[in-house]
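**Q** Each chain sits in its own coordinate frame; assemble them with the hints.
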Amino acid sequence: DTGVSQDPRHKITKRGQNVTFRCDPISEHNRLYWYRQTLGQGPEFLTYFQNEAQLEKSRLLSDRFSAERPKGSFSTLEIQRTEQGDSAMYLCASSLSPMRSSEQYFGPGTRLTVT
Amino acid sequence: KQEVTQIPAALSVPEGENLVLNCSFTDSAIYNLQWFRQDPGKGLTSLLLIQSSQREQTSGRLNASLDKSSGRSTLYIAASQPGDSATYLCAPAARTLTFGKGTMLLVSP
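Chains as they are written, first to last, in my numbering: chain R, 1 to 115; chain F, 1 to 109.
Next comes chain F alone, as it looks inside the complex (with noise of 0.2 Å):
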């Protein structure tokens, strides 16, 4: 059974940080991985999605890495904005995906 875990549970930073965000994940045999984000009450919303075979994925000022192998993905956040305050959640996708508990996320000005 897949188990997925990130690091760390909350992070509060201010505004204009580069931060990282961890998730490892117990079962390598994976077709992709997705990053979301979630505001407090609402669905989730899709940020990144790297293929199995991918190393990097970059989208604006979020870039993405996986290392399937070792079970590890990491998602930086360049420039940290207010706006950026939220869940971040990460799901590994075999049959279906499988979602970590989040890391919540606080950017104050």
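The shape of chain R in the complex, shown without the other chains (with noise of 0.2 Å):
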């Protein structure tokens, strides 16, 4: 399968820890999204990479979030001392560049529960 995957598909964690999430995007994608999504909400956007670099972070991005892609491969999301409100389905996604023209592909995304 040459998809994009997430991992893991599920984590609880108990408020105050700190959770981990790998995206492996397409594998000739340069371009890969992080996404947010809240029940009976449409994704928000969180941040984007091309390649290795960060080129925009949402507001929503607080500084608890950080967001790593150290290669231009794979990528990570950290959450640090998770709140109950970051209970969420984070969803990843890759494209080829440029933006204008190029169609986004998201994984099964990563549902978190805080407790």
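By construction, these hints were calculated from the structure, which means they are not laboratory data. Hints may be right or wrong, so weigh each one.
Partial list, computed: chain R residues near chain F (C-beta under 7 Å) [stated by the list, open to error]:
| # | residue |
| --- | --- |
| 1 | Glu103 |
| 2 | Phe106 |
| 3 | Gly109 |
Pulled from the structure, derived: some chain R residues nowhere near chain F, Cβ distances all over 10 Å [unchecked claim]:
| # | residue |
| --- | --- |
| 4 | Gln17 |
| 5 | Lys71 |
| 6 | Arg81 |
| 7 | Glu83 |
Non-contacting residues of chain F with respect to chain R, defined by C-beta distances greater than 12 Å in every case (computed) [what the hints assert, rightly or not]:
| # | residue |
| --- | --- |
| 8 | Leu19 |
| 9 | Arg61 |
| 10 | Tyr76 |
| 11 | Ser108 |
Where a beta carbon is used, it is the ideal one built from N, C-alpha and C, also for glycine.
**A** Here it is in structure tokens:
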């Protein structure tokens, strides 16, 4: 399967703990995006990378969130000191640049529950 | 800031009906617009991408139109089937994708 993959698919954690999610994009895609989706809402943009460079971050991405894409391949999203409001589906997508013509392909998501 | 509205929020139809889902957006300075399907608890599946220079795009029983100047897109589903039951999301693209809340579609046998 050459689609976007995410790991883990589900994560339950206690408030205050740190969590890290991984995303593996489609192999030839140089752009990678992170989104967050809460129940009944559409996904909201968090950040995106072109190769290893993080080009944009949403105001939703507080200081407790950090994302990396160290070698321009897979990416990690870490949330420190989790809060109950962080409970959501975290979606990763990838595409080829440029934005104007490229289709984004999404992974299955990581469901985070903070208790 | 781009705002996306999808109407109706929910739709229930019997199998075989043709239906139209509507999407409106406030900022017409977009590169393209994507329509996605999302099954409960799952990720998004891309259905169609319309470039800003295009008016229509078709894939099987799906047809999407785009009127960029008026900030509108429609997704037409012909001869609906129970397997079409899902939430449909539209997302105009500028620097990033901006999503609406979606239309939840239920097609009954």
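**Q** Taking the hints in turn, state whether each one holds.
**A** Evaluation of the provided hints:
no., hint, verdict
1, Glu103, "holds, 5 Å"
2, Phe106, "holds, 4 Å"
3, Gly109, "holds, 5 Å"
4, Gln17, "holds, 23 Å"
5, Lys71, "holds, 23 Å"
6, Arg81, "holds, 26 Å"
7, Glu83, "holds, 22 Å"
8, Leu19, "holds, 20 Å"
9, Arg61, "holds, 19 Å"
10, Tyr76, "holds, 20 Å"
11, Ser108, "holds, 22 Å"
Violated hints for the displayed structure: none, as all numbered hints are satisfied.
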